[in-house]
Amino acid sequence: MIKTDVIIIGGGATGCGIARDLALRGIAHHLIEKGDFAAGATGACHGLLHSGGRYAVSDPEAAEECIRENMILRKIGEKCVEQTGGLFVRLAGDSRRYRDKFLESCDRVGIDTELLSGARALDLVPKLNPSLEEAVRVPDCSIDPFRLCMLNAITSKNRGGVFHRHHEVFEFIKEKGRLAGVRARDRFTGEIKDLRARVIINASGAWGKKIANLAGHDLPMNLSKGSLVITNHRLTNMVINRLRPPSNGDIIVPNEAVCLAGTTSISVDSPDNLVVGADEVDIVTREAGRMIPEFNSTRLIRAYTGVRPLLLAEKDATDDRSVSRGFRIINHQDGMYSILGGKLSTYRLMAEKMVDTVLKEVFDKTVACQTGDLPLEGQEFLSGYPLSTRLKDMKDIICECELVTRKDVESVIDRIGTKSIGDIQHRTRLGMGPCQGGFCTYRALGIIQEKGKITCDESMGALREFLQKRFRGIRPALWGDQLREEQLVEGIYLNIMNMEQQ
Amino acid sequence: MKTGKYDAVIVGGGISGLMAAIDLTRKGRRVAVVSKGDPICCLSTGCIDILKGVDSPRDGICDLPENHPYHLVGAGGLDRAAGLFVSVMKEAGLSYVGNVGQNRWILSPGGTRKQTALVPESMAHGNVEENETLVVIIFKGMKDFFPGYVTAKFQNADVYEFDPGNGSTLGIATKFDDPAFQEDFFKWFKSQKISKGKIALPAVLGTKPQVFGELAQKLDRKIFEIPTLPPSIPGLRMFKALKTCLQDAGADLYWGRSVESVEKDGDAIEAVTLAGIGRSTRIEARAFILATGSFVSGGLYARQDGVVKESVFDLPAYVPENRESWFGHNFFETGHGIEKAGIRVNGSFQPESTGIPNLFVCGSILAFSETMKYGCGHGMAIATGVTAAEKCEDHLA
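Chains as they are written, first to last, in the working numbering: chain A, 104 to 605; chain B, 721 to 1117.
Next comes chain A alone, as it looks inside the complex (with noise of 0.2 angstroms):
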């Protein structure tokens, strides 16, 4: 039996973001998350640390919200924000008018715009459509969330806090009418653990309604499925949009040696087994095509869908993307709160206000958030992006799409003692380039053998798992240059390693 104050359910940017935000008030807490960090929609977005362009018409509060919190994320996390900047596209065809809308709207709640023109924005992104009308320059970034996730966390184990990674919540403890407590269960040994505590916060984004029907409530909530494929490599330096009402296929995102592009949004009932369509990849690669031209030529090494938990507007409203992506806090009156809705770049803001909300609330305190002021802790771990200062003393590379050494990965294993390939690749970014862990999960599971974390079977199933889930996400962008690669890694693993079907 475990007791402590806070129950966090849900590794994703708002749990993680709790997590800091409880650590640095002084409050002592636990995490669980069923897999690893940003496991959900955190993990499977397009990285864009909006500069709020994209709401500012349509959500002037939100679009606030968003150029405070990326003035604040890319002061206290440099390592994990790369500031890159970000145009609106206007292409022929798309209305002026919107465009006057879109400076006025942008200049009304702060967001910075230069009007440039056609020439002005080539020479920016050499890449862009030729024929574009002119475009809007924003202080969009991109953001890596895993990393994200885990300078959070880092500031939370400092701090005493504790995390359950692959643990899954499957029952709640009740006691004279209230949630006393949680029951997990670690997904790799079926080891059962009791957690206590004050107060349960259930951040698990998509998954909020199925925590909260297992406590016995309901959340007033929607499931949006988003599709993006990524690129072999990286066509622009800045983030692309489209200038027009927001849409399918209207966002480009640089993201280290690849590009992102999306999005769909599709209304589904579970977050869980989800499909990428043809159609999806094929809507947003031709949108994005229409920006940049060598999109249509250019090899897609996957393609992902994650889901958006949008918040349900009082009247029920039909169209997903007029729903507001707002945040909410509920209190279900019984010691559990829900904090529903939101976005990766204002997971700060909603972390605050949860925060906020249960000290008054639970704790009676208050005591004042640094979670804006304070850089985030860790970040001497990470590589940062110059690829110039990871290249100096490099030897024995096992993953050569992203420049990781065995070093690289040998020192995750002993940090964390993982089993997992998922928690080297998040941690490393190995088997994230143009091969897809094609060649190097082999070698990376290797040397976890060597370490003596797992056994050989133990291996080969990670191996089988690994090559499964990675085929989902690569089937949807089978044809061309992607097809060939494709044929080539079941060459390896079929012909030359035998793996058969069991």
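If you are wondering where the hints come from, they were derived from the structure by calculation, not from laboratory data.
On a predicted model such as this, the values are computed, not experimentally measured, just so you know.
Within a straight-line C-alpha distance of at most 25 angstroms, the following computed BS3-like cross-link-like pairs (lysine-lysine) qualify: (1) B:Lys895 <-> B:Lys860; (2) B:Lys863 <-> A:Lys498; (3) A:Lys556 <-> B:Lys860; (4) A:Lys554 <-> B:Lys873; (5) B:Lys873 <-> A:Lys556.
Okay, the calculated bits of chain A under chain B, using three or more residues with CB under 8 angstroms as the criterion: (6) 556-562; (7) 572-580.
A short list of chain A residues far from chain B (calculated; beta carbon distances all over 12 angstroms): (8) Thr107; (9) Asp108; (10) Ile257; (11) Arg262; (12) His267; (13) Ile276; (14) Glu278; (15) Ala318; (16) Asn340; (17) Glu397; (18) Asp517.
Where a beta carbon is used, it is the ideal one built from N, C-alpha and C, also for glycine.
Chain A is already provided as a structure; the job is to place chain B on it using the hints.
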């Protein structure tokens, strides 16, 4: 512009094209091979998989679906093709063992057993039972071979580590080409008091074919190589042997060249022009053989709109309709719809419904080969390469 005139021009320098070319040169024909680069068989195990899941590949091909290209080859054709391959390899100093009538097993780098038909001499002892004692020699820092995957399946296995001063597969193999390095390895081996049992090593014993034989004799033990992840040295040795054999037989090789344009005289192909730096080359022939392989080697290209293009002659290619149907949802299930894609041919290995009288097609570009599903890649390459060459010879005669 440079020019050349041949009896037959083979486009594609993989096993299938090279075997077709060897067959024709041995019949006295003047032959050229055009290849964009080194073929993907360099990434393979170097073993000839003819058909998996059966005891006898020779008998098993009868039970394949009706439209499988093996039916156009027949058991007799398979025997002739395999015979030619084995004799060509022997001449090159790279002996192969095995039999088209009997599959055998080798040990894979994942510790699984893999079925194949013909293996290089260096894998002849690769059929080990799990109750046998196995000695694995590994190389320090080698990143594409982890003995744990292999030894886990054995009740008795010992691992010894030699430091070659290099971590790459090709780097270590190149070192083994040097007699002084072989001597160092031999001395180390003697000093280790290595326990009894068959000795397995990752396949790095020299890029040259003779290194394995020399070492095996010196060590005086049952020793075998385990194929590695790409780049694969046994695949490279096989390719080099085929290429050298063809050069020795006087064929012209246009390596690193791709076909830029095709000239036709009526329905027949008259010449192809090869792109080059500075100047291009026009080569004329009485017959052409297309052996450019499937998707991986670029003979076929699948478009986002669901169309598959053949890249040299723009032949009509078969592909299952609708991109959704190309792949199932399970990575480990073979026989994805896309494996059936390719060029449909008649009994003379000529592309169907094109009317081109002097073009023959062989290898994995053939429709319905499903090489992954049937484990028949190199077998198909050799069998259809030689048979297509025979049909081409009939045409030339």
